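Visitor: Residue numbers (the UniProt record's numbering), protein chains in the order written: chain H, 1 to 335; chain E, 1 to 534.
Don't read these hints as lab results, they were simulated from the structure. Don't take every hint at face value.
Said to hold, decoys possible - List of simulated lysine-lysine pairs, PhoX-like, C-alpha gap at most 25 Å:
id, chain 1, residue 1, chain 2, residue 2
1, H, 86, E, 123
2, H, 60, E, 235
3, E, 398, E, 317
Please read these numbers as outputs of a predicted model, since none were measured by experiment.
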Amino acid sequence: MLRFILSKLLYLIPTMLGITLVAFSFIRLLPGDPVLLMAGERGVSPERYAEISAQLGYDKPLWQQYFTYLGDLMHGDLGHSIVTKKPVLAEFLALFPATVELAIVAIIIATVIGVPVGVIAAIKRGSWFDQISMTGALIGFSMPIFWWGLLLIIFFSGILQWTPVSGRISLMYFFPQVTGFMLIDSLISGQKGAFGSALSHLILPSIVLATIPLAVIARQTRSAMLEVMGEDYVRTAKAKGLSLGRVIGVHALRNAMIPVITTIGLQIGVLMAGAILTETIFSWPGIGKWMIDSISRRDYPVVQSGLLLIAGIVMIVNLLVDLTYGLINPRIRHK
Amino acid sequence: MSIFSTRFLAASALALMAAAPLHAKTFVYCSEGSPEGFDPAPYTSGTTFDASGHAIYNRLVQFKPGSTEIEPALAESWDVSEDGLTYTFHLRKGVKFHSNDKFTPSRDFNADDVIFTFNRQAKADDPWHAYIAGVTYEYYSSMEMDKLIKSIEKVDDNTVKFTLNSPEAPFLANVAMPFVSVVSKEYADTLQAAGTMEDLNNAPIGTGPFKFVAYQKDAVIRYQKNADYWGEAPKIDDLVFAITPDASVRLQKLKAGECHLMPYPAPADLADIKADTNLKLDEQAGLNVGYLAYNTTVAPFDKPEVRKALNMAMDKKALIDAVYQGNAEVAKNPIPPTMWSYSAATEDEKYDPEAAKKMLEDAGVKDLSMEVWAMPVQRPYMPNARRAAEIIQSDFAKVGVKVEIVSYEWGEYLKKSMEAGRKGAVILGWTGDNGDPDNFLSVLLSCAAAKEGGANRAFWCNEEFSALLAKAKASSNHEERVKLYEEAQAIFKDQAPWATLAHSTQYVPMAKNVTGFVQSPLGDYTFETVDLAE
Chain H
1 MLRFILSKLL YLIPTMLGIT LVAFSFIRLL PGDPVLLMAG ERGVSPERYA EISAQLGYDK
61 PLWQQYFTYL GDLMHGDLGH SIVTKKPVLA EFLALFPATV ELAIVAIIIA TVIGVPVGVI
121 AAIKRGSWFD QISMTGALIG FSMPIFWWGL LLIIFFSGIL QWTPVSGRIS LMYFFPQVTG
181 FMLIDSLISG QKGAFGSALS HLILPSIVLA TIPLAVIARQ TRSAMLEVMG EDYVRTAKAK
241 GLSLGRVIGV HALRNAMIPV ITTIGLQIGV LMAGAILTET IFSWPGIGKW MIDSISRRDY
301 PVVQSGLLLI AGIVMIVNLL VDLTYGLINP RIRHK
Chain E
1 MSIFSTRFLA ASALALMAAA PLHAKTFVYC SEGSPEGFDP APYTSGTTFD ASGHAIYNRL
61 VQFKPGSTEI EPALAESWDV SEDGLTYTFH LRKGVKFHSN DKFTPSRDFN ADDVIFTFNR
121 QAKADDPWHA YIAGVTYEYY SSMEMDKLIK SIEKVDDNTV KFTLNSPEAP FLANVAMPFV
181 SVVSKEYADT LQAAGTMEDL NNAPIGTGPF KFVAYQKDAV IRYQKNADYW GEAPKIDDLV
241 FAITPDASVR LQKLKAGECH LMPYPAPADL ADIKADTNLK LDEQAGLNVG YLAYNTTVAP
301 FDKPEVRKAL NMAMDKKALI DAVYQGNAEV AKNPIPPTMW SYSAATEDEK YDPEAAKKML
361 EDAGVKDLSM EVWAMPVQRP YMPNARRAAE IIQSDFAKVG VKVEIVSYEW GEYLKKSMEA
421 GRKGAVILGW TGDNGDPDNF LSVLLSCAAA KEGGANRAFW CNEEFSALLA KAKASSNHEE
481 RVKLYEEAQA IFKDQAPWAT LAHSTQYVPM AKNVTGFVQS PLGDYTFETV DLAE
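Produce the entire structure from the sequences given, and follow the hints as far as they go.
Guide: Printed below as a string of structure tokens:
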């Protein structure tokens, strides 16, 4: 098992190196120039342009800039934002917990609803439940996130006034950030009502973020279940007179879960992408919005190091998902 | 169920807060973006200035609320020498800087703070010139303060003398801009000694109406009223910026009572806002212009009559209805009507496609096809350039001119549109920095700006026009300046390097109980005068 983990970790190194190159080139391949964008309509004189470029190191050949960047990375220096002038790592650490909190709640919603829906749809194949839920999943999967988010805000916050419009907690609560997770910090603060406020602020954005993964998980669970339900061992289990609950719970579901867990693991990447839009709509101070702002301003250091950090985290999460297979499937565990 | 009940609890708690403020009057502003930092000097965006310069700091002089007129601020008065080269500022006494948990000022504001404020931007050898990695002072250099200021001297603790290299009438307006907000020298020294210089940008100390309390990136900025403020004290106790980048979400927050005032509503939402009885809408002509700049160095656009004919082919009213949804007025001058020296006498080209067609024929222009550039971003002066270009395309088609619409990524757009020999006409605009006509005319239309690094996208160099601007800039006689700028506008209209399109209206929606908010023609959002009616 340890060897398995170590070998997986070793693979991470060349992958991360590749990502530095991709992220470094991607943002530079986009047309647009950070210095010109900063100058805006007014323009910037050629002399001043040269001065600023030199100060930022952008006057050097690209390969040299890349190796300088790699060298800085080796020293643990992820660079400074050219817009805010602050260290990239500090900004990342300030914003990342907000995204994680939202993503965790979203993936819990997606799994807790998606798996049972998929299982029931599979068992009652062809029933009205199956048809409605799978049509719903198709709609959810194709939902334009931005429009969906706005629709929910207008309905639940605007018309019904059940949920707050945006933000992480009501502005009447003000306490220091300890963990960066609002649900935990609000409990630590001991302020009455703070936790409830944080929770109510999470509802809409996490539903919006969960929509696509929920649809994918439900569909994947249904098809995995259908496949397993047709297997000989399930027929045998049924034949020997086990209750339907035992057949599904012990025999079918456990085997069907393997592809489902892979799917859930892969949703981490989807969540990061969905976070960009969700965070923008709900004014959620996370890394998705940070990335999109930085790309539009061509903030090279933030984009290249930010992407690296996000990619690293997605890969580690996927590694953890790989490890959970072992818990479910003994064949992988004993290999 | 529990979710809803907690929500109701929170809602009722909020309602309680709103109905009967227990301890403090809190004003919430749904701002449109995050400030880049809190040091007002290195940044150039209005969003940053609202959060730093305007709330926390003061300048030597300031714009009178709601106007672009200059009034005393940290300088109680000033003298200008006969030759216009020296400005002596007499500083206000007894002005206190804010304090925070790491700093308590031991002295009042004085001349050292003023000199520090300018020198750290001007002098490359100042230890504060590059106190954070990659910091530059873009406004200081783009307003040409580096070329303008020869020296700054401390006459005594409460008197500072600026000597300029050449007389410059807009100098006072420049000094009222947020990038020269006065920073505490004593605080800077304390930070330098502690080795935490970057705190000048993170934990700002100023003399302004509000004290900085805390900032959570991309979420909330909190301020507290400065009880020792030298001016009229703010009427609210706490000021909160709830950062909300999406315009529709801002409006929903305003409607739900989560904030009291918001900037930049989406044009499509205005009708809805006007219909909402819980809201009110403040409107004011913006200090901006949207234009179409021909390249006056390329045939056939080098002929004024061709440019004028094209201007006559343009149905500006229809354009304003479609692009600004009616929330703008037709522009006939390059400067907006709220700006002093605006020439009311100017007559705009009349919309007359038939006459335009004939003028083009007379000028020997046949089968003309041209590019019209549509900018890829939204600006208050131009909310939808693509749509504007399409309207221009169909208008020009009626006079036999074929238009191809092109666009580039924003940075590229700005760069390529200033390349010599550029093909086609460019849609762009401008929002004033300091309320001085020179800030429009020289920046956008002078000979000096008609080259790389400038912003004269018509490449229009009219010696007579530029000479008038130079003369007006050097004069400290206001009446004379007005006349010179009026003359300049007449030349502009006669030569028509642009089609002046529109001056857009600024809208500020707010809750019914907000009082005392004064819109700034410069587009600043300041809150020292606001109050909440019970």
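Visitor: All hints, please: hold or fail.
Guide: Results of checking the hints against the structure:
no.	hint	result
1	H/86 - E/123	holds, 22 Å
2	H/60 - E/235	violated, 53 Å
3	E/398 - E/317	holds, 16 Å
The structure shown violates just one earlier hint, number 2.
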